[in-house]
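Asker: Sequence:
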Amino acid sequence: MVFKRRDRRPVWKIVTEALWPRGGWGRAFEYVKHRVRRLPDTPEKIARGVWAGVFTTFTPFYGLHFIIAAIIARVMRGNILAALLGTFFGNPLTYVPIGIVSLQTGHFLLGSRPNRGFETSLGRKFEGAARDLWHNFSAIFSDEVANWHRLGVFYDEVFFPYLVGGILPGIVAATVCYYLTLPLIGAYQNRRRKALRAKLDLLRNRPAPHADDKAPPR
Numbered sequence: 001m002v003f004k005r006r007d008r009r010p011v012w013k014i015v016t017e018a019l020w021p022r023g024g025w026g027r028a029f030e031y032v033k034h035r036v037r038r039l040p041d042t043p044e045k046i047a048r049g050v051w052a053g054v055f056t057t058f059t060p061f062y063g064l065h066f067i068i069a070a071i072i073a074r075v076m077r078g079n080i081l082a083a084l085l086g087t088f089f090g091n092p093l094t095y096v097p098i099g100i101v102s103l104q105t106g107h108f109l110l111g112s113r114p115n116r117g118f119e120t121s122l123g124r125k126f127e128g129a130a131r132d133l134w135h136n137f138s139a140i141f142s143d144e145v146a147n148w149h150r151l152g153v154f155y156d157e158v159f160f161p162y163l164v165g166g167i168l169p170g171i172v173a174a175t176v177c178y179y180l181t182l183p184l185i186g187a188y189q190n191r192r193r194k195a196l197r198a199k200l201d202l203l204r205n206r207p208a209p210h211a212d213d214k215a216p217p218r
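Letter 171 of the sequence shown, counting from 1, is numbered 171 in our numbering, and no numbers are missing.
Honestly, the hints are just simulated from the structure, not real lab data.
Warning: the hint list may mix true and false statements.
Beta-carbon label-pair distances, calculated as ranges [what the hints assert, rightly or not]:
hint : residue 1 : residue 2 : range
1    : R74       : S112      : 46 to 52 angstroms
2    : I67       : K199      : 39 to 45 angstroms
3    : A139      : P40       : 49 to 55 angstroms
4    : K194      : F126      : 49 to 55 angstroms
5    : L64       : S142      : 26 to 32 angstroms
6    : Y188      : S142      : 55 to 61 angstroms
7    : V176      : F108      : 19 to 25 angstroms
8    : E44       : W148      : 44 to 50 angstroms
9    : E127      : K199      : 30 to 36 angstroms
10   : S112      : F66       : 28 to 34 angstroms
11   : G111      : P40       : 54 to 60 angstroms
12   : I171      : V145      : 39 to 45 angstroms
13   : R74       : R124      : 34 to 40 angstroms
14   : T94       : L200      : 38 to 44 angstroms
We treat Cβ as the ideally placed atom computed from N, Cα and C, and that holds for glycine.
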């Protein structure tokens, strides 16, 4: 293949770079900010796209954030590329606090209380739900009986509280990012327009070369 990597990265390196990219998260943030600023659209549409992307990171639909962010941006008439870039608000450094805030808020709004040791058993609930999914999928092609118990526990104690609890903090975080993005994009685009106008004025005011300067020597 033309674009195939020559050096195959080991699994541990792929995982490490997913948690801590080359150059650190500061450099990754600067790259995303640079791409957002240079999007060819109005500041309002770009900011609405960022709102959609940031809000999506507070939903429990992991693996579908790009699709959901694009749909929300489409409904809001925002910039879809800005929405995709906005989903990078959710990363390995922020997913844990986002998950904790969303789950705690969800249980509070639903009037439920998480069991003792909920934080330590959260990983087991994800694991149990994944095993039930795999078991039930395999049961389609065998004589095994489908079992939905662990999936039910995961839905009641994790997924649904996360879905409900992520709405309020998601709206708050997305709105803050919207109002931060709007003036920054507007100021950046104004600076670019002024710089381009200055270059055009310089080209217009440049004196034309005289005919004597172009005459070849005899």
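Asker: So, for every hint listed, does it hold in this structure?
Answerer: Now for the hints, and whether the structure bears them out:
1. R74 / S112: 46 to 52 angstroms: With Cβ atoms ~34 angstroms apart, the hint is violated.
2. I67 / K199: 39 to 45 angstroms: Given a distance of about 41 angstroms, which is inside 39 to 45 angstroms, the answer is holds.
3. A139 / P40: 49 to 55 angstroms: 50 angstroms, holds
4. K194 / F126: 49 to 55 angstroms: Given about 51 angstroms between the Cβ atoms, the range holds.
5. L64 / S142: 26 to 32 angstroms: Distance hint for L64, S142 holds at roughly 29 angstroms.
6. Y188 / S142: 55 to 61 angstroms: With a Cβ separation near 58 angstroms, Y188 and S142 satisfy 55 to 61 angstroms, so the hint holds.
7. V176 / F108: 19 to 25 angstroms: At roughly 21 angstroms between Cβ atoms, F108 and V176 fall inside 19 to 25 angstroms, so the hint holds.
8. E44 / W148: 44 to 50 angstroms: 45 angstroms, holds
9. E127 / K199: 30 to 36 angstroms: 59 angstroms, violated
10. S112 / F66: 28 to 34 angstroms: 31 angstroms, holds
11. G111 / P40: 54 to 60 angstroms: Because 48 angstroms falls outside the window, the suggested range is violated.
12. I171 / V145: 39 to 45 angstroms: Distance hint for I171, V145 holds at roughly 42 angstroms.
13. R74 / R124: 34 to 40 angstroms: For R124 against R74, whose Cβ atoms are near 37 angstroms apart, the range 34 to 40 angstroms holds.
14. T94 / L200: 38 to 44 angstroms: 43 angstroms, holds
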